[in-house]
Amino acid sequence: SQKIEQNSEALNIQEGKTATLTCNYTNYSPAYLQWYRQDPGRGPVFLLLIRENEKEKRKERLKVTFDTTLKQSLFHITASQPADSATYLCALDTDKLIFGTGTRLQVFP
Amino acid sequence: GAVVSQHPSWVICKSGTSVKIECRSLDFQATTMFWYRQFPKQSLMLMATSNEGSKATYEQGVEKDKFLINHASLTLSTLTVTSAHPEDSSFYICSAKRGTVSSYEQYFGPGTRLTVT
Numbered sequence: 099s100q101k102i103e104q105n106s107e108a109l110n111i112q113e114g115k116t117a118t119l120t121c122n123y124t125n126y127s128p129a130y131l132q133w134y135r136q137d138p139g140r141g142p143v144f145l146l147l148i149r150e151n152e153k154e155k156r157k158e159r160l161k162v163t164f165d166t167t168l169k170q171s172l173f174h175i176t177a178s179q180p181a182d183s184a185t186y187l188c189a190l191d192t193d194k195l196i197f198g199t200g201t202r203l204q205v206f207p
Numbered sequence: 361g362a363v364v365s366q367h368p369s370w371v372i373c374k375s376g377t378s379v380k381i382e383c384r385s386l387d388f389q390a391t392t393m394f395w396y397r398q399f400p401k402q403s404l405m406l407m408a409t410s411n412e413g414s415k416a417t418y419e420q421g422v423e424k425d426k427f428l429i430n431h432a433s434l435t436l437s438t439l440t441v442t443s444a445h446p447e448d449s450s451f452y453i454c455s456a457k458r459g460t461v462s463s464y465e466q467y468f469g470p471g472t473r474l475t476v477t
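Chain order of the listed sequences is L and Y.
Residue numbering for the first sequence is 99 to 207, as defined by this note's numbering.
Residue numbering for the second sequence is 361 to 477, as defined by this note's numbering.
Among these hints, one or two may not hold up.
[Said to hold, decoys possible] Pairs of lysine-lysine, BS3-like flavour, derived with a Cα cap of 25 Å: (1) L:K169 to Y:K424; (2) L:K194 to Y:K415; (3) L:K194 to Y:K426; (4) L:K115 to L:K161; (5) Y:K374 to Y:K426; (6) L:K155 to L:K101; (7) L:K169 to L:K101; (8) L:K194 to L:K155; (9) L:K153 to L:K194; (10) L:K157 to L:K194; (11) Y:K380 to L:K101; (12) L:K194 to L:K161; (13) L:K115 to L:K101; (14) L:K194 to Y:K374; (15) Y:K374 to Y:K415.
Hint data in this document are derived by calculation from the structure and do not stem from the laboratory.
Computed from a predicted model, the values in this text were never measured in an experiment.
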């Protein structure tokens, strides 16, 4: 069956450290993979998109990798700040967006 | 930037009544709009895909007679939850797609919290 799993339901890290979130999928062959941020009671906000032929994408303190052999994407936030605390969702882009389960990140001072 | 609005942001209704939720793309024309449902601590589940001027395509397990979708213009789609029941209580989120090349140009609304009593 098709599945998208994100690592641990919650991730707690100290301010200034790098947060690494994982997205694993099975039985999909997405052309793109996207990462979103969702704050409580709000809709998702687009962060980054990476194509199947790209290994890595960066945007300011964010970095995404995409390994189509391992069927895995890693999402890194460097120099994390308490304002980065939110739920992060990966989404596979086939002909529609299929969302992962989400990882709740908590950055504490 | 592209802005998508939803109205209302929250609604409480009695069991058996119908509720309409609007989704508008404010500064662009949306060829396709999507409706998602999200239960607490769960991810977004796609309910249906709606293209302007045509019937919506529903995902497996979503009752089309219960969740009526109308995409009357390139900037407005509506979701009507008919004969609502407490189990329909959820967070409903729409998104709008600008362009046709990929899902990249997809923007999400702020969501509507529906509570059925």
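The hints, checked one at a time:
Restraint check for K169 of chain L and K424 of chain Y: the C-alpha separation of about 33 Å exceeds 25 Å, so the hint is violated. As the CA atoms of K194 of chain L and K415 of chain Y are separated by approximately 17 Å, the hinted pair is consistent with the 25 Å bound. For the hint pairing K194 of chain L with K426 of chain Y, the CA-to-CA distance comes to about 22 Å; that is within 25 Å, so the pair holds. Between K115 of chain L and K161 of chain L the alpha-carbon distance is near 14 Å, which keeps this suggested pair within the 25 Å criterion.
For the suggested pair K374 of chain Y and K426 of chain Y, the alpha carbons sit about 16 Å apart, so the restraint of at most 25 Å is met. The suggested pairing of K155 of chain L with K101 of chain L holds, with an alpha-carbon distance near 24 Å, which does not exceed 25 Å. Taking the CA atoms of K169 of chain L and K101 of chain L, the gap is about 11 Å. The hint holds against a cut of 25 Å. Straight-line distance between C-alpha atoms of K194 of chain L and K155 of chain L comes to about 21 Å, which keeps the hinted pair within the 25 Å bound.
The hinted pair formed by K153 of chain L and K194 of chain L meets the criterion: a straight-line CA distance of about 22 Å does not exceed 25 Å. For the hint linking K157 of chain L to K194 of chain L, the alpha-carbon distance of about 24 Å falls within 25 Å, and the restraint holds. Restraint check for K380 of chain Y and K101 of chain L: not satisfied, since their Cα atoms lie roughly 32 Å apart, outside the 25 Å limit. Proximity of K194 of chain L to K161 of chain L is assessed by CA-CA distance (about 23 Å); at most 25 Å being required, the pair is judged to hold.
For the suggested pair K115 of chain L and K101 of chain L, the alpha carbons sit about 30 Å apart, so the restraint of at most 25 Å is broken. Between the alpha carbons of K194 of chain L and K374 of chain Y the distance comes to roughly 33 Å, so the proposed pair goes past 25 Å and is violated. Using a Cα cut-off of 25 Å, the hinted pair K374 of chain Y and K415 of chain Y is violated, with the two alpha carbons roughly 28 Å apart.
Violated hints for the displayed structure, listed by number in ascending order: 1, 11, 13, 14, 15.
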